[in-house]
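J.: Residue-level listing of the chains:
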Amino acid sequence: MNVDNNRFPRLPWIILGLGIIFLAIGSYIGLFVAPPEALMGQVQRIMYVHVPTAWNALLAMTFAFVCAVIFLFKSDWKWDARMEAAIEVGVVLAFLLCCQGAIWAKPTWGVWWDWDPRLTTTAVLLFAFLGILALRKFVDDPARRAIWSAVATIIAYVDVPIVYYSVRWWNSLHQLQSSPSTVSRQFWLPLRMNAFGILFLMTAFIMLRARVASMRLEQELVPPPALGETA
Amino acid sequence: MNGMIPGGWNFVVAAYSVTAIVLAIYGASVIARLRSEINRRNHD
Amino acid sequence: MLTAALRKELLLQWRSRAQFMAVFVFGAAALLLFSFAVGPVAELLRQFSAGFLWLGLLLSSTLTLAESFHAEMENRAMEGLLLLPANPRALYYGKAIANWLQLTLLGIALIPVMVVLYDAGTTRIPMLILVIALGTAGLSAPGTLYAAMTAQVRSKQTLLPLLLFPLIVPALLASVKATSLIILGDPMNQVRSWIVLLASFDAIYWSLCGLLFGKVVEE
Numbered sequence: 001m002n003v004d005n006n007r008f009p010r011l012p013w014i015i016l017g018l019g020i021i022f023l024a025i026g027s028y029i030g031l032f033v034a035p036p037e038a039l040m041g042q043v044q045r046i047m048y049v050h051v052p053t054a055w056n057a058l059l060a061m062t063f064a065f066v067c068a069v070i071f072l073f074k075s076d077w078k079w080d081a082r083m084e085a086a087i088e089v090g091v092v093l094a095f096l097l098c099c100q101g102a103i104w105a106k107p108t109w110g111v112w113w114d115w116d117p118r119l120t121t122t123a124v125l126l127f128a129f130l131g132i133l134a135l136r137k138f139v140d141d142p143a144r145r146a147i148w149s150a151v152a153t154i155i156a157y158v159d160v161p162i163v164y165y166s167v168r169w170w171n172s173l174h175q176l177q178s179s180p181s182t183v184s185r186q187f188w189l190p191l192r193m194n195a196f197g198i199l200f201l202m203t204a205f206i207m208l209r210a211r212v213a214s215m216r217l218e219q220e221l222v223p224p225p226a227l228g229e230t231a
Numbered sequence: 232m233n234g235m236i237p238g239g240w241n242f243v244v245a246a247y248s249v250t251a252i253v254l255a256i257y258g259a260s261v262i263a264r265l266r267s268e269i270n271r272r273n274h275d
Numbered sequence: 276m277l278t279a280a281l282r283k284e285l286l287l288q289w290r291s292r293a294q295f296m297a298v299f300v301f302g303a304a305a306l307l308l309f310s311f312a313v314g315p316v317a318e319l320l321r322q323f324s325a326g327f328l329w330l331g332l333l334l335s336s337t338l339t340l341a342e343s344f345h346a347e348m349e350n351r352a353m354e355g356l357l358l359l360p361a362n363p364r365a366l367y368y369g370k371a372i373a374n375w376l377q378l379t380l381l382g383i384a385l386i387p388v389m390v391v392l393y394d395a396g397t398t399r400i401p402m403l404i405l406v407i408a409l410g411t412a413g414l415s416a417p418g419t420l421y422a423a424m425t426a427q428v429r430s431k432q433t434l435l436p437l438l439l440f441p442l443i444v445p446a447l448l449a450s451v452k453a454t455s456l457i458i459l460g461d462p463m464n465q466v467r468s469w470i471v472l473l474a475s476f477d478a479i480y481w482s483l484c485g486l487l488f489g490k491v492v493e494e
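Residue numbers (our numbering), protein chains in the order written: chain U, 1 to 231; chain B, 232 to 275; chain D, 276 to 494.
If you're looking for bench data, these hints aren't it; they were derived computationally from the structure.
Quick caveat: nothing in here was measured; it's all calculated off a predicted structure.
Among the hints, erroneous ones may be present.
Lysine-lysine pairs mimicking DSSO-like chemistry, simulated, CA-CA at most 30 Å apart [said to hold, decoys possible]:
hint	chain 1	residue 1	chain 2	residue 2
1	D	Lys490	D	Lys283
2	U	Lys137	U	Lys74
3	U	Lys78	D	Lys490
4	D	Lys431	D	Lys283
5	D	Lys431	U	Lys137
6	U	Lys74	D	Lys431
7	D	Lys431	D	Lys490
8	U	Lys137	U	Lys78
9	D	Lys490	U	Lys74
10	U	Lys137	D	Lys490
11	D	Lys431	U	Lys78
Full structure from sequences and hints, please.
T.: Spelled out as structure tokens, the structure:
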């Protein structure tokens, strides 16, 4: 890394490094040090990455919502860039969550998908935010793109608790199985380490991705003189 | 003691691998995009 | 203000009633196609009839909603409307109500199709109409907002359903459950809770989308 200002910023890299370290240690403990759980055996270990991913996915989406609201009030492009980053990272984490959930469900319930309310809500959320990313791709005018995707983000985020409760009701009429169980006290260490690990990774990703979005916006808003039209 | 679920270890490995791979690929893609934006700006 | 907007919308819709017929035929065709997915098994068809009805309505709604801003887009009438000292909120609610009415009518028109194809008759018709009205209201509020956005964008036909479908999952679930209980029997009177869920969804989104519409169409 060079010292030049236009080169990679230093802070996200530090955070990224921290994240990798925490995640590596937490995973090691979760995989090899923590004892297997009484009922589910080794499969329980999946919770040590699944639960932290879930916390952070929700955090990313919440941050996206906050950025959307702030942007609508302040009209500062910085928040649009952050929102774009948060949505993208949130989508990646939600997708990861669904994969982990399916891998957990197969040995536990015998099926790849068990309509657990939390996971089902995640799937709906994943599609909702993917739609918002698609919206951003198809709108060329930066101001409209920012406002519309902020509005869509607010609408989608408000929907999250509603989706969760409706799926829970819908599901409860058919199934009695419990969702991925809570983890008992002695297993907290790997969970917490991984939670911080993924939190740091996510923060670094959002910072870097927001930087990308900002730079692209800069280019859109002040095009080279030859083109003429300005926002 | 091995778990009640046979072959459970395979799924654990799968879950952790998927996590690592997805995060690594996404991270690489963000870094690559950042790099290309910086290059573009430096060459303008 | 609102009544003027509403009157204009209803007039527009009356003028394009051939389009309503086309959407109805589309919906009925969808119901027919769904039965091919299951096969001629009367029991199964009856069990899933509520789901099929609402899926058919949902698919048809994308056509109706997309059409609803067609007139504005054709002659750039949208900008003209917004230049008037009129509240964009009135424009939104006028359109949303008009869309809602059209979808409710569509739902009611599809009831006999459902009854015939799936042997899904019921005596609780008023209740069924209530559920259809509440459910389509849930589709219409966010749908009208998204239709306004996507009308001005490339790839609008794909974007509207892409944005709308994940969002209305609660309304879909509640509508299907409630309709299903009405058709198949409801010993524990659970319909009420689903209707409450639907009504809450509607209340939240009719207010939220009305609030945000101004931002969507401002220049």
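J.: So, for every hint listed, does it hold in this structure?
T.: Hints, one by one, checked against the model:
| no. | hint | verdict |
| --- | --- | --- |
| 1 | Lys490/D x Lys283/D | 22 Å, holds |
| 2 | Lys137/U x Lys74/U | 23 Å, holds |
| 3 | Lys78/U x Lys490/D | 19 Å, holds |
| 4 | Lys431/D x Lys283/D | 24 Å, holds |
| 5 | Lys431/D x Lys137/U | 12 Å, holds |
| 6 | Lys74/U x Lys431/D | 29 Å, holds |
| 7 | Lys431/D x Lys490/D | 19 Å, holds |
| 8 | Lys137/U x Lys78/U | 18 Å, holds |
| 9 | Lys490/D x Lys74/U | 13 Å, holds |
| 10 | Lys137/U x Lys490/D | 19 Å, holds |
| 11 | Lys431/D x Lys78/U | 28 Å, holds |
In this structure, none of the earlier numbered hints is contradicted; all agree with it.
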